[in-house]
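Residue numbers (our numbering), protein chains in the order written: chain U, 24 to 386; chain V, 24 to 386; chain P, 24 to 386; chain E, 24 to 386; chain G, 24 to 386.
Don't take every hint at face value.
It does not matter which identical chain is used: a pair holds within one copy or between any two.
Heads up, simulated DSS-like pairs for lysine-lysine below, C-alpha to C-alpha not over 25 Å straight-line [said to hold, decoys possible]:
| id | residue 1 | residue 2 |
| --- | --- | --- |
| 1 | 114 | 287 |
| 2 | 114 | 62 |
| 3 | 255 | 134 |
| 4 | 280 | 114 |
| 5 | 283 | 114 |
Hint data in this document are derived by calculation from the structure and do not stem from the laboratory.
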Amino acid sequence: MAKKKIGVKTSQKRKSKIHRKLGKAPGTITYVGSREVSKSKVDILEYNSDFFEAHIPGNIEQIVAHKDIPTCSWVNIIGLTDEVFIEKIGKQFGLNPLILEDTVNIHQRPKVDEYDGYIFGVFKMLYIDESNALVGEHIALVLLENCVLLFQEMEEDVFNGVRNRIENNLGHVRNMKSDYLFFALLDAIIDNYFEVLEYINHKIEILEEEVYENPTNDVAQRIQQLKKEVLKIRKWIYPVKELVGRLIDSENTLITKDTKLFLKDAEDHAVEINENLQIYREMSMSLMEMYMTNISNKMNEVMKVLTIMASIFIPLTFIAGIYGMNFDNMPELHTQNGYFVVLGIMVLLFIGMLIYFKNKRWL
Amino acid sequence: MAKKKIGVKTSQKRKSKIHRKLGKAPGTITYVGSREVSKSKVDILEYNSDFFEAHIPGNIEQIVAHKDIPTCSWVNIIGLTDEVFIEKIGKQFGLNPLILEDTVNIHQRPKVDEYDGYIFGVFKMLYIDESNALVGEHIALVLLENCVLLFQEMEEDVFNGVRNRIENNLGHVRNMKSDYLFFALLDAIIDNYFEVLEYINHKIEILEEEVYENPTNDVAQRIQQLKKEVLKIRKWIYPVKELVGRLIDSENTLITKDTKLFLKDAEDHAVEINENLQIYREMSMSLMEMYMTNISNKMNEVMKVLTIMASIFIPLTFIAGIYGMNFDNMPELHTQNGYFVVLGIMVLLFIGMLIYFKNKRWL
Amino acid sequence: MAKKKIGVKTSQKRKSKIHRKLGKAPGTITYVGSREVSKSKVDILEYNSDFFEAHIPGNIEQIVAHKDIPTCSWVNIIGLTDEVFIEKIGKQFGLNPLILEDTVNIHQRPKVDEYDGYIFGVFKMLYIDESNALVGEHIALVLLENCVLLFQEMEEDVFNGVRNRIENNLGHVRNMKSDYLFFALLDAIIDNYFEVLEYINHKIEILEEEVYENPTNDVAQRIQQLKKEVLKIRKWIYPVKELVGRLIDSENTLITKDTKLFLKDAEDHAVEINENLQIYREMSMSLMEMYMTNISNKMNEVMKVLTIMASIFIPLTFIAGIYGMNFDNMPELHTQNGYFVVLGIMVLLFIGMLIYFKNKRWL
Amino acid sequence: MAKKKIGVKTSQKRKSKIHRKLGKAPGTITYVGSREVSKSKVDILEYNSDFFEAHIPGNIEQIVAHKDIPTCSWVNIIGLTDEVFIEKIGKQFGLNPLILEDTVNIHQRPKVDEYDGYIFGVFKMLYIDESNALVGEHIALVLLENCVLLFQEMEEDVFNGVRNRIENNLGHVRNMKSDYLFFALLDAIIDNYFEVLEYINHKIEILEEEVYENPTNDVAQRIQQLKKEVLKIRKWIYPVKELVGRLIDSENTLITKDTKLFLKDAEDHAVEINENLQIYREMSMSLMEMYMTNISNKMNEVMKVLTIMASIFIPLTFIAGIYGMNFDNMPELHTQNGYFVVLGIMVLLFIGMLIYFKNKRWL
Amino acid sequence: MAKKKIGVKTSQKRKSKIHRKLGKAPGTITYVGSREVSKSKVDILEYNSDFFEAHIPGNIEQIVAHKDIPTCSWVNIIGLTDEVFIEKIGKQFGLNPLILEDTVNIHQRPKVDEYDGYIFGVFKMLYIDESNALVGEHIALVLLENCVLLFQEMEEDVFNGVRNRIENNLGHVRNMKSDYLFFALLDAIIDNYFEVLEYINHKIEILEEEVYENPTNDVAQRIQQLKKEVLKIRKWIYPVKELVGRLIDSENTLITKDTKLFLKDAEDHAVEINENLQIYREMSMSLMEMYMTNISNKMNEVMKVLTIMASIFIPLTFIAGIYGMNFDNMPELHTQNGYFVVLGIMVLLFIGMLIYFKNKRWL
C-alpha cells in the first residue's frame, strides 16, 4: 500500500527511543536511531587564507590537537552510533554531557545553545536521495574558537559546495574565521530546504492534476500523507528562523559582526522558507477540498445519467404496460393503427424528455 | 457502546466536586476524587553521596524530622483521601493551607507557586496501565531545603527509574541536592508523556487504517472520542512547558544553577511534546475529513452500481414491454424471426451500454 | 418551536436599550432591563471577628452610616429598577455617576475600575434556576474601606455560602476586612461558573447521544443553539480572568496582600473555566461535524437499500418481460419445462446478486 | 437579483477613486465619492455654560473667527465635494494638507492623528436610513482649543441628541470644553453602532428562520451577502476601539483628564461592539453550516421517498411480470384461485415492506 | 486548460534558481529570472527646485558622478540580467555585495536594510498588463544622500506619475530631497496595489456570478486558482506595511521628519491593502463554500426529478402489470368496464401523487 511509504525515513523510530531511554539518567549519551553500531569516521579540513589541507586523523589526539592550532579546522564526524568515541571526543573538547546527549539523539528538535567557549546547534539536514525519497538527517554543529565540529548520521550530505569553496579558495570562507565556516554549513543546510520545498511543490502539482482528472480513493490517501509530511517537515524547519535570529542577537564574541551580516541573509531565507511552507500547507488543504468537490461533481454526473435514463424509460414502459393488460374490452387494441399511434406517442414523449433535459443543461 | 469508555479515568468526577465543594470557604482541604477513604501510606528515601536508606516512618514526627536533617530526603505520601493526615503534615512542614487544598484537589490544573522557603507544584502524571487505558494521576510536589515531598493518588507511578538511580548511585542524583531530586521527578513525569504520545499515535494509526478499509459509523465515533481525549490531555500537558520555564527564570535560591541546566533540557522536551500534541490534533482532524471522503466515495460506488443496473435494464425492459402489448395489428409479432431480431437488438444495446460505462470508467 | 427557547434570559432586551438610551447624555443613570419598576430592597450584614448582626435598614441614612462604622458591612441592594434610590445611594457614598450608570445597565460587560477610595466591579452571576434554565443576573460590587456594596437584579443569588460563613464564623471571613468579603463574593460567582460548565457539558452529552441515535433536523437546531449559548456565556465569563488579574496587580491599598493570595486562587479557577469553555466550544463544533457524518451515513444506508432492491429485481423483471412478449415464434414458450428453467435462472440470479452484495459488505 | 443590493452604499466607488487618483501627488485634496459637486453648507453652534447661539455663517471669515473666540464652537461642514472651499477652511485653521486629503477621501479607513495644536480623526458614521438600508457616511473631526470642526458627507447624521443637549443645557456638555464636545460626537457615532449590530442581528434571525423553513438557493446567497456585509462593517468599526484607546493614552493637553474618564466609557462600548461583531461573524458562519445541513436533510428525505416507492413496487411488479409470461406450461395460471393467491402474496409483501421501513424509522 | 494560466508571471522560475544557485558562495551576484541576457539601460532624471534635466548616460562614470552632485538624481537601471554591469555600478556606489545579490535575485521577498550612508529596499511592483494579466516585477531601490538608484526588471513600470510630477514641478517632489523621491516611488508602488486589489475583486465578482448561474467543474478550478493567486500576492504585499513602519521608526538621518509624515500616509495605505487582502481571502474561501452549496442544490434537484418520475410511474406500472398476468380466472378482466375503471384509478393515483409532491414543495 502506498500508505506505508509515507513520511520521512526517521519517522518510525520514536518507539524504540522510548523503550530504550525511559528511566535512564539525564545526560546519558545514548544513540536512539536504528542501531547498527559501526565505528565513526572522521575527516578534517584545515585551512587559512593561504594554506589548505585535508586529512583523516589516526587517533583522537590528532583530532583534539586542532582545538588549539590557530588555523581554522572543520572536524567532520560521520556516524553517531559509536557512543564511546563520541563521549571521548566530547570530553577532550570540554563539551557538556547534555549536549553530547543531544548530539546522538536523532529525535532532538532543532536548537541552539551557547556555552562558555563554544556554541552548540542541532539541525535537520533534509535532502532528496537518488530514489527520490525525502531524507531527514540529524546534524550537530559545535563552533569553537578555531574549529567547527560537525556530527552527521550518514555519509551523504549537502556540504560539497562548502568543501569546494574551501579547497579552491572561492568566496570568503578561506579569509574568515571558524564562525564563517559555521555560518556556511548552516547556510548550506537552509539552502537545501528550498529543494525540499520544490519536492513538496512538485507533489502538490501532481496531486492537483490527478484530483482534476482521476479522483480515486488513492489520491485522497496521498493528499492526507502529503499533509502529514508537510506537518513533519514544518516541525524540523520552522524553528530554524528563530534559532538563526538568536545567533544574530547573541553577544557571544565567537560570532563576529561580519558573519552576522551573512547570518541575516540566512535568516531572510529561513523566513521565506517558512512562508512558503505555510502556503504549501494551505494548498494541501485546498487539495482535499478540491477532491471533495470533484467527488461531488462525479456523483452529480452519475445521478444525472440515472435520472435521465429512468425518467425517459419508466413512463414509456408504463404505457407499454397498459396495452399489455388482458382486459376483454380494450377498444384501442382492436383499431387498425392503435399500435402505431402508441409507438408515435412514445417517440414524441422520448423527444420531449430529451428536450426537457437539454433545457435543464443535463445533456 | 464504545462511547462509554472514552476519556481518561478521572474525567467523570467533576460533578461530585461541584456539589461537595460549592459554598465551602477557600482554603478548606477537601479531597474531591472518588471517595473511598483510606489511610495514606508514607515511605522515605534518605541519601547523600555516600549514604542511602529507605524506611517507612512510624509516625508524623519521624516524617517531619527529615525537614531538618542535612541529608537529602524524598518523602513519598501515597493516597490523598486522608485529609486530616495531610493537613497535619502540611502544618508541620509549615505549608500554606491554600496549597494543601490544591494538593488534594485532583482536578487542579498544573501549576507552580513559589513561597518563602519552599516551591510547590501540581502536575498530572500520565501513564498507560496494564489494561492499556490511559491513567491521569494527580501529583503534588513540594521542594524544601533538604527534602522533597511527593503526594500521589495511587501506588503506581513512573518514578522507579529515579528510585533505581538513587539506590544504585547512578547518574548525578546522589551527588546533588533536593532541587535535583525535584527535577528528576518532574523529568520522569515529562518523559512519560512521550509514552502517552505514542499511545495517541498508535490510536491514530489504527483509526487511519480502519477509515480506509471499513469506515463504519463506529469508526466516526471513535475518531470523535480521540479528538476529545487529545483535548483533555492537552489541557494537562500544555501548561507544563511554561511552568518549567518559570522555574528556570525563578530567582529562588532553592534551585541551583546546575539544576537549571537540567531543567532547560526538560523544557526542551516539554516543547517537543507540545509540538507533537499539536500535530496529533491536526492529524485527528484530518482523520474525520478522510472519513467523510471515504463515505462519499462509498456512496459514489453505490450510486454507480444502481445507475449501471438501472440504465442497462430499464430500456431493455421497455422493449420487452412493447412486444408484450396486445394490439391486434402488430406486424412484427407475426414475422418468422421477429423474436430473434429483438433479442439481438437487446444484446447489442446491452453491449453498447457496457462500452459506454467502460468509457466513463464506471466499470 | 425549540428555537424560541434559546439563550439566556436577558438576551432579548438589547433592542429596548437602544431605543430608550440613544441620545441621552453619558452618565445618565437609566435602568435598561425589562421594566417593571419596583422599590429596591436593602439588607445589611455587619460583623467583625466577635460580632455579627443582620438588619434591614429603615432609611438611606441608616445605610450610609455603615460607610464610617469600623466594623465590616455588607450592604446588599436588590432590584435595579429604582433609579432614584440608587442615585441617592451613589451620591451619599460618593460614587462617580458613570459607575452608577454601569450599575443599572444590565448589558454592561464585566469590568473593574479603580477610583480614589473605592473599587468598582461589574460581573454576570450565572446560575441554573429551578426550571433548569440558565439565568444571567447583573451584579455590581463596590469595595469601600469598611464596607462592600452589592447591587443585584433579583433576589435569587449564589451567596448563601458566604452568608452562612459570616453568620457561623466559618473560614476566614469574620477575621478579615472588607476586601476579603469582596473576594468571597467574587469567588462565589466564579465557583458557580463551574455549575454552568456542568450544564453545558450535560447538554453536550445529551446531544451527542442523540446525534448518534436519532440525528433529526431538530437535533441540528439544538446544536446550533448550544453553540450560540456557549458564545454568549463566553462573552460574560471570558473577561473575568483578566479582571481578577488586574485586581491582583493593583497597587490600591484597599486590597491587602493576604487577600491577593486568595484572589490568585480565584484567578486559577477563572483560567480553568476559560480552558474548559474553549474545550466545550470545540466539542460543540465537533457535534455538528458528527451530525453531518451521521446524516451522510444514513443517506448511504438508504441508497444501499434502493440499490440492492433495484439491482436484484430490475434484471429479473426484464427476463419476465422477455417471455411476456407476444411473438408468434418463440420456441422456448412451447417447451415442456421452459417456465421452470426460467424460474430456476431467476433464482440463481437472485442468489448470485445476494452473494455479490454480501461480498461488497452491503448486506 | 437580490445579489445586487448587497453591501453598503459607498462600496462601489473604489474603482472611480483609483482611476481618478492614481498618479496625483500625495497631499492633493481630491474628493473621491460619487461626484455631484455642490457647495458645502456650514452651520455653527456656539456656547458656554450660560450662553448658546446657533447661526449660519455668511463667509469664511465668520467661520474662522470662532477659532479664537473663548466660547466653545461646533463648526459643522456638510458636503465634501467642494474641494476649494474645504482647502480654504483648512488653510485658515492652519491644518496640514495631508489631513485635508483624508477629510475628503471617503474611503479613508478610521484614523486618529495628533498634530501641534489640534487632533484629527476620521470615522465612519453608520446608520439605517428610512428605506432600511445601511448607510456608511464619512466623518472627519478636528479638535482645536476652543472649537470642533465636523466634516460630514450628507445632511443626515446621528448628532441630534448632542445638539439637543447643547440647546437645552442637558448633561455636562455646556459646562465643559471643546474636548468634551469632541467626545460627545464620537460617543454618538459609537452608540449608533449598536443600532447597526441590531440590524445585523435582525438579518441573522430572519435568515435563521428561513434556513430552517425554506432553505432555497436564494437564502444561501443572502447568507453569503450577510457575511460580506459583516466583513465590511468590521473593517470600519474594528479600529475604533484602538483609536479611542490612543486618545486616552495621549499626552496632548487638548484632552482633559475629566474627558478621558468619559472616553474610557466610550472605549468600553467599542470593546463590546467588537465582541458582538465577532459573535455575529461566527453566527453567520454557522448559518451557512446549518443551511448545508438542511440541504442534506432534504436530500435524505427525497431519497427515502424514492427508496420506499421503488423497494415496495419493483418486487411486486416483478411478480406480476412472472405471471405475465406466455409459457404454455405454467400450472399456476390454470388453478382456480391462483390469481387471488398471488394478489394475497403481493398484499403481504406490501405490508411486510411497510413494517420494515417503519422499523427503520423511514416512515 | 485554464489551469495552466494560473498565477503570476514569475511564479515558475524557482526551479531554475535552485539548480543554478545551490552551492555558490553567499554574496555571489546571480540573476535568477528567465535568462535572456541583454544590456541594462540607464536613464537619469536630475533636478532641484528650479532645475530639471533628463539624460541617458554614456558610461558608468557619468552615472556615478551623480553620487556627488548636490542636485537630486533619480538613476533608473532597467534590466537585471547584466550582472557584470550591475556589479560595477554597485562597486562604484560603494554598495555591499549582499545587497547586489538581492537586487538581481527576483525571488527575494520584500525587505528593507539600512547601511552606513544608504538605505536599500526590495519590493514587488504589481500591475495589470495590456493582456489583463497580473505582472509581478522585481524592484530594488537604493536611497543615497543626493540620489536614488532604481533597479527594475522590465521597461514597463508604474512611475509615470512621479516622472510627470518632477518634469512639471507638481506637488512637493522638486522642493525636497532624495528621501522624498524614495518615498514617492514607494508610494507609487503601493498605490498600484489598489489596482491589483481591484483586479482580484473583479475576478471574485465574476466567479461569484458563475457560481450562482453555472457551477461547472471549471469554475471550481478557477476558484482554487484565485485562492492560490491571493496567497502569492499576499506574500509580496503583506510585508510592505511593516517595512514602511520600520523606515518611519528609523533613526537614519537620510530620512527627514517631513518625509516621515508622508511615509505615515503610505503606511496607512499599506494597512488598508492588507485588510482588503484579508477580506478577499475570506471571500474567495466563501466562494468555494458557495460552490459546494450550489452543487448540493443541483444534486437535490436532480434527485427530485428522479424521485417524482419513479414514484409516480412505478406504482402505475405495477397496476398495469397485474392486469397483464395470464391467470385463467381473473374476474375483473371480463367485466365490461374493467379497463376504464383501472384507467380511472391510474389517473386518480397520478393526480394524487402530483398533489402530494406539490405539498412537499418538490414541484
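Checked hints:
1. 114 to 287: between (33 Å within a copy, 21 Å between copies)
2. 114 to 62: within (18 Å within a copy, 50 Å between copies)
3. 255 to 134: Answer is within; shortest intra-copy Cα gap is 16 Å, inter-copy 29 Å.
4. 280 to 114: Intra 30 Å, inter 21 Å, cutoff 25 Å: inter-copy only.
5. 283 to 114: between (29 Å within a copy, 21 Å between copies)
In terms of the numbered hints stated before, the structure departs from none.
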